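Undergrad: Sequence:
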Amino acid sequence: MKHPNSTVSLVLGSGGARGLAHIGVIDWLTENGYAIRSIAGSSMGALIGGIYAAGKLDLFTRWVTNLQRMDVIRLLDLSFGSTGLFKGERVIGVLQELIGDQNIEDLPVPFTAVAADIRNGKEVWLSRGPLFDAIRASIAIPMVFTPHTIEGRQFVDGGLVNPIPIGPTLRDRTDLTVAVNASAPPTGELEAADWEEGPDNDETGSYRQRIVQFLADLTQQRSVKKETLGWSDIMFRSMDTMQDMIARFQLAAYSPEVLIEIPRDVCGVYEIYRARELIRIGREKAEAAFSRL
857 MKHPNSTVSL
867 VLGSGGARGL
877 AHIGVIDWLT
887 ENGYAIRSIA
897 GSSMGALIGG
907 IYAAGKLDLF
917 TRWVTNLQRM
927 DVIRLLDLSF
937 GSTGLFKGER
947 VIGVLQELIG
957 DQNIEDLPVP
967 FTAVAADIRN
977 GKEVWLSRGP
987 LFDAIRASIA
997 IPMVFTPHTI
1007 EGRQFVDGGL
1017 VNPIPIGPTL
1027 RDRTDLTVAV
1037 NASAPPTGEL
1047 EAADWEEGPD
1057 NDETGSYRQR
1067 IVQFLADLTQ
1077 QRSVKKETLG
1087 WSDIMFRSMD
1097 TMQDMIARFQ
1107 LAAYSPEVLI
1117 EIPRDVCGVY
1127 EIYRARELIR
1137 IGREKAEAAF
1147 SRL
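FYI, in this note's numbering the residues of the sequence shown are 857 to 1149.
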């Protein structure tokens, strides 16, 4: 059924694994007769938005919903450097092989990824060039992933400067702007994830153990039950606070017709293996937001 206000500019916010809820939002929109005419995304929103713009979201969804906990670990490649814990080359390589790389200007749906120039702190809109260059730049969480270099400039996570990038869609001639805030206020407690792995049987055991412990820290850092804050708690809660303040200013300045909010305690930062659950949450939140129109 086609709606009177049927064309959409879609804004997908940052939020780590919570950004997988964007898939559910997109599914709900397309199933209910809304045509997505442009996408702007930051961090995980750039990844999901870019893959949708390339016409390969169904393929990505089948892949990500089959990931297990150890699959997430195998996607991480330690950097052993001073600019980030992980290089990010492995996960981008897997996605390029799965999706295929294209130039953004050739995509069937206009797309903009937002990143931050680490040297001058400026927000940068990436709307030309290789798709996965833009995605890799936008997801480069400081101290977790190494910065990504494009034409001599080093970029980090777009959520640092614009967690809900409505600006790139302002000139669109669409009926609705739909924004998804994947770092909305929490609604309850997050249960700590169980990252027990069992004995190591090969020479990569030490490597895996270090990443398992790191991810355990990340997935537990949002649980209010923890009495002592670790380094990951401090870092990610600080980023949440900063991004929440920026998001409030963005939403006050550029009010979208529809705002879909994904609470930031629905999962841990790297609980990618919970994709099915997060997609369902995205669908539910989209339906609830549109029912209020």
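Any given hint could turn out to be false.
Stated by the list, open to error - Derived SDA-like pairs: lysine to any residue, alpha-carbon spacing no greater than 25 Å straight-line: (1) Lys912 <-> Lys978; (2) Lys978 <-> Pro998; (3) Lys978 <-> Ile1137; (4) Lys943 <-> Glu1007; (5) Lys912 <-> Arg946; (6) Lys943 <-> Thr921; (7) Lys943 <-> Pro966; (8) Lys978 <-> Arg1104; (9) Lys943 <-> Arg930; (10) Lys912 <-> Met1098; (11) Lys912 <-> Arg1139; (12) Lys943 <-> Glu953.
Said to hold, decoys possible - Estimated spans, in silico, between C-beta atoms of each pair: (13) Pro986 <-> Ala1108: 28 to 38 Å; (14) Arg1148 <-> Ala1109: 14 to 24 Å; (15) Glu945 <-> Arg918: 15 to 25 Å; (16) Arg975 <-> Phe936: 18 to 28 Å.
Honestly, the hints are just simulated from the structure, not real lab data.
Note that the structure is predicted; figures quoted are calculated from it, not measured.
Don't be surprised by glycine CBs; every beta carbon is placed ideally from N, CA and C.
Undergrad: Now, for every hint given, state plainly whether the structure supports it.
TA: Taking the hints in turn, this is what the structure says about them:
{"no.": "1", "hint": "Lys912 <-> Lys978", "result": "30 Å, violated"}
{"no.": "2", "hint": "Lys978 <-> Pro998", "result": "15 Å, holds"}
{"no.": "3", "hint": "Lys978 <-> Ile1137", "result": "33 Å, violated"}
{"no.": "4", "hint": "Lys943 <-> Glu1007", "result": "18 Å, holds"}
{"no.": "5", "hint": "Lys912 <-> Arg946", "result": "19 Å, holds"}
{"no.": "6", "hint": "Lys943 <-> Thr921", "result": "23 Å, holds"}
{"no.": "7", "hint": "Lys943 <-> Pro966", "result": "28 Å, violated"}
{"no.": "8", "hint": "Lys978 <-> Arg1104", "result": "19 Å, holds"}
{"no.": "9", "hint": "Lys943 <-> Arg930", "result": "13 Å, holds"}
{"no.": "10", "hint": "Lys912 <-> Met1098", "result": "32 Å, violated"}
{"no.": "11", "hint": "Lys912 <-> Arg1139", "result": "19 Å, holds"}
{"no.": "12", "hint": "Lys943 <-> Glu953", "result": "17 Å, holds"}
{"no.": "13", "hint": "Pro986 <-> Ala1108: 28 to 38 Å", "result": "34 Å, holds"}
{"no.": "14", "hint": "Arg1148 <-> Ala1109: 14 to 24 Å", "result": "22 Å, holds"}
{"no.": "15", "hint": "Glu945 <-> Arg918: 15 to 25 Å", "result": "23 Å, holds"}
{"no.": "16", "hint": "Arg975 <-> Phe936: 18 to 28 Å", "result": "23 Å, holds"}
Of the numbered hints stated above, those contradicted by the structure are hints 1, 3, 7, 10, listed in ascending order.
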